[in-house]
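Number of protein chains: 2
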Amino acid sequence: MNPATETSLEHAERVQIKDLVRHHVHDLRNCINCANMEASLLGDSVTDPDMLESLASIRQQMMDMDKLASSFAKNFAHYPDPEDPTD
Amino acid sequence: MNPATETSLEHAERVQIKDLVRHHVHDLRNCINCANMEASLLGDSVTDPDMLESLASIRQQMMDMDKLASSFAKNFAHYPDPEDPTD
Chain E
5 MNPATETSLE HAERVQIKDL VRHHVHDLRN CINCANMEAS LLGDSVTDPD
55 MLESLASIRQ QMMDMDKLAS SFAKNFAHYP DPEDPTD
Chain X
5 MNPATETSLE HAERVQIKDL VRHHVHDLRN CINCANMEAS LLGDSVTDPD
55 MLESLASIRQ QMMDMDKLAS SFAKNFAHYP DPEDPTD
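In the order they appear, the protein sequences are chains E and X.
To convert, count from 1 in the first sequence and add 4; that's this note's numbering.
To convert, count from 1 in the second sequence and add 4; that's this note's numbering.
Since the hints were derived computationally from the structure, they do not count as laboratory data.
There's no promise every hint is true.
Any copy, or any two copies together, can satisfy a pair, since identical chains are not distinguished.
[Stated by the list, open to error] Below, a list of computed lysine to aspartate or glutamate pairs in the DMTMM-like style, where the Cα atoms sit at most 25 Å apart:
id, residue 1, residue 2
1, Lys22, Asp52
2, Lys71, Asp52
3, Lys71, Asp31
4, Lys78, Asp23
5, Lys22, Asp48
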């Protein structure tokens with residue numbers, strides 16, 4: 005994005021989008037961490053190989069979602085932050 | 005957004021953002037569905053109340069993430085779709 009072409013409307017919208025993305029990723033990570041904690045608790049009580057495999061798969065999905073969240077947020081890394089009026 | 009103030013740059017950027025959001029939500033839902041399937045498999049083998057509670061909590065987190073994804077996508081529902089050049 006060329007700053008010379010950025011209107012104040014665009015700036016305000018980008019600030020809003022970055023804020024939405026940041027909150028979304030934060031909320032996702034809360035859920036991922038809670039689910040991981042429960043999967044970890046379950047793992048302490050499980051010995052059956054099939055059940056351990058299902059638990060490992062759940063934790064893998066949580067890792068994948070964490071990566072998805074990071075990768076998604078990176079698309080907006082260059083967007084201006086609310087607290088930075090010079091962006 | 006007043007269409008009269010929208011430049012082609014803004015339009016292209018919004019189309020791109022909507023596409024990113026759509027892919028992100030789709031990928032998240034894939035992970036959520038996989039984790040739910042594994043949690044369901046585990047639920048068939050578990051009888052211990054503490055373990056059932058942990059499983060229920062994992063499934064609740066998956067439901068919460070699904071809601072987060074829907075709610076996040078709604079912020080961009082009014083953005084133009086790639087296939088609709090008149091937006």
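Okay, the hints, checked on the actual structure:
1. Taking identical chains as interchangeable, the C-alpha atoms of Lys22 and Asp52 are never at most 25 Å apart, the minima being 44 Å within one chain and 44 Å between chains.
2. With identical chains, the CA atoms of Lys71 and Asp52 are never at most 25 Å apart, being 29 Å at best within one copy and 32 Å at best between copies.
3. Both within a single protomer and between protomers do Lys71 and Asp31 lie at most 25 Å apart by alpha-carbon distance, with minima of 14 Å and 11 Å respectively.
4. Both within a single protomer and between protomers do Lys78 and Asp23 lie at most 25 Å apart by alpha-carbon distance, with minima of 13 Å and 15 Å respectively.
5. For a Cα distance limit of 25 Å, the shortest separation of Lys22 from Asp48 qualifies neither inside one copy, at 39 Å, nor across copies, at 42 Å.
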